[in-house]
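Protein chains in written order, with the working numbering: chain A, 1335 to 1455; chain B, 1335 to 1455; chain C, 1335 to 1455; chain D, 1335 to 1455.
I should point out that these hints are in silico values taken from the structure, not numbers from a laboratory. Because the structure is a prediction, the values reported are computed rather than measured. Even glycine gets a Cβ: it sits at the ideal position worked out from N, Cα and C. Treat the hints with care, since some could be wrong.
[Said to hold, decoys possible] Partner residues are not named here, just some residues of chain D that face chain B (Cβ under 8 angstroms, in silico):
#  : residue
1  : HIS1359
2  : ALA1362
3  : GLY1363
4  : ASP1403
5  : GLY1407
6  : SER1408
7  : ALA1409
8  : THR1415
9  : GLU1437
10 : GLY1441
11 : TYR1442
The chain contents come next:
Number of protein chains: 4
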Amino acid sequence: MSDITPTDPQEACFEAGIKFGSLYHQFAGTPVSPSSAASVAQAMEEAIENQPHCVDVTVDVDGDRLAADIAEGSASYTELTGRFLDVTLVIEYEGVRATAEMELVDGYPLMQLTAVEDIAQ
Amino acid sequence: MSDITPTDPQEACFEAGIKFGSLYHQFAGTPVSPSSAASVAQAMEEAIENQPHCVDVTVDVDGDRLAADIAEGSASYTELTGRFLDVTLVIEYEGVRATAEMELVDGYPLMQLTAVEDIAQ
Amino acid sequence: MSDITPTDPQEACFEAGIKFGSLYHQFAGTPVSPSSAASVAQAMEEAIENQPHCVDVTVDVDGDRLAADIAEGSASYTELTGRFLDVTLVIEYEGVRATAEMELVDGYPLMQLTAVEDIAQ
Amino acid sequence: MSDITPTDPQEACFEAGIKFGSLYHQFAGTPVSPSSAASVAQAMEEAIENQPHCVDVTVDVDGDRLAADIAEGSASYTELTGRFLDVTLVIEYEGVRATAEMELVDGYPLMQLTAVEDIAQ
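One chain only, chain A, in its complex shape (with noise of 0.2 angstroms):
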């Protein structure tokens, strides 16, 4: 077998990162208010929960970064983006976990692999 072949908590961390890629492209742009934050929150877990190995996902949208963004423009509403966003999620595949996370770094909603466990005993 050769060497290039992927590990499992290789393969691991790539269904955690489609995981993100999936969550963050298919919601962002969603309009969204404080009172509506929630329920978008919910279909965003429930959603990729759905995704194969995904085992948990967690989503905030952050009320305070939120309400300062709608009170600089016009309207009562704005678009969904990462910098509104703080997600954790966990993937299981063959014996390992892999935990990734997404929060405002320098400004930028950054996705980071925080941890790759083996939990197979």
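Given the structure of chain A, go ahead and fit chains B, C and D onto it with the hints provided.
Same frame as chain A, now just chains B, C and D:
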């Protein structure tokens, strides 16, 4: 004033169309299963109700059509598309109410204006 | 026939709205840079021209606004949003031509009907 | 350093996944016909190549599968979905190259890592 200037009823219909195109193309492709259908439907309603002049949106994901589609494939979920959706939306613009619906017609999810009414007294 | 039945000009305006909502929410969030702006603009035009009754779509991504936005951040690209777009689209439906545009008005990308004309002879 | 800290190859695979999820969920649902397939494919390639660490993206829309799908319906176009796509993408991250592909496997568009290589000298 030129006779090509849009009237209020025409503007109301334009707004109804915007909401329908937004709803469809924002959410088409979302991973969906019987257990997540309710949350995506609620998110669609609340997201589009944020948009100007939109007073009501009702979205139903048809559980039977969804289950039938999933049964055809090997996964436990599918992608949201218009064939699974029954939608009604109501616009009010300058004393005019426009109502539009989407439903399956010959297997194709057709968006249709159903009524344009003067609601000013 | 009820007076709430939509007229052909109203239907043309509804179709124009559908195309605008589709265009916006399909492509909002796309990673875009000065070098990729032309390809996404062309894809938007050709995609929406596929839709029924849509005879012409013109999309310009404003290079200055795009460059200014990218200069504010730390990345070499940004996400496509309405503030970068100038769009014109033309619908023909049962002898009626509806023209609609999107442009920046007070910092907000406003979709507007600009003309509704009888083109039947 | 904890053994749960992601390695560079794992990070490269995470990045590859992000790009795949982004590409898919940004463009799924786009109206597409044989004549517009080339422009959406080019837009997909150039959009995703903007993202960090992404050195190459190749997208083909399979004309035969597209034509067959359109022939089944009553419209002259359809919606872009993974069944029509063959995609290869290449990530380079800290001396590691990860290559991933999407192709039809048993009627399902499967995203797969195909190689993870050390390219540092």
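Evaluated hints:
1. Here the hint on HIS1359 (chain D) is kept, as its CB sits about 6 angstroms from the closest CB of chain B, short of 8 angstroms.
2. For ALA1362 (chain D), the shortest C-beta to C-beta distance to chain B is roughly 3 angstroms, which falls under 8 angstroms, so the interface hint holds.
3. About 3 angstroms separates the beta-carbon of GLY1363 (chain D) from the nearest beta-carbon of chain B, less than 8 angstroms, and the hint is met.
4. Hint status for ASP1403 (chain D): violated, given a least beta-carbon distance of 12 angstroms to chain B, over 8 angstroms.
5. For GLY1407 (chain D), the interface hint holds, since its Cβ comes within 8 angstroms of a Cβ in chain B; the closest pair sits about 7 angstroms apart.
6. Interface hint status for SER1408 (chain D): upheld, as the beta-carbon distance to the closest one in chain B is roughly 6 angstroms, under 8 angstroms.
7. Because the beta carbon of ALA1409 (chain D) sits about 7 angstroms from the nearest beta carbon in chain B, less than 8 angstroms, this interface hint is met.
8. Evaluation of the THR1415 (chain D) hint against chain B yields a held restraint, the C-beta minimum of about 7 angstroms falling below 8 angstroms.
9. Given the 8 angstroms rule on beta carbons, the hint for GLU1437 (chain D) is violated: about 15 angstroms separates it from the nearest Cβ of chain B.
10. For GLY1441 (chain D), the suggested interface contact is upheld, since its CB lies about 7 angstroms from the closest CB of chain B, less than 8 angstroms.
11. Here the hint on TYR1442 (chain D) is kept, as its CB sits about 6 angstroms from the closest CB of chain B, short of 8 angstroms.
Going down the numbered hints, you'll see the structure goes against 4, 9, while the others check out.
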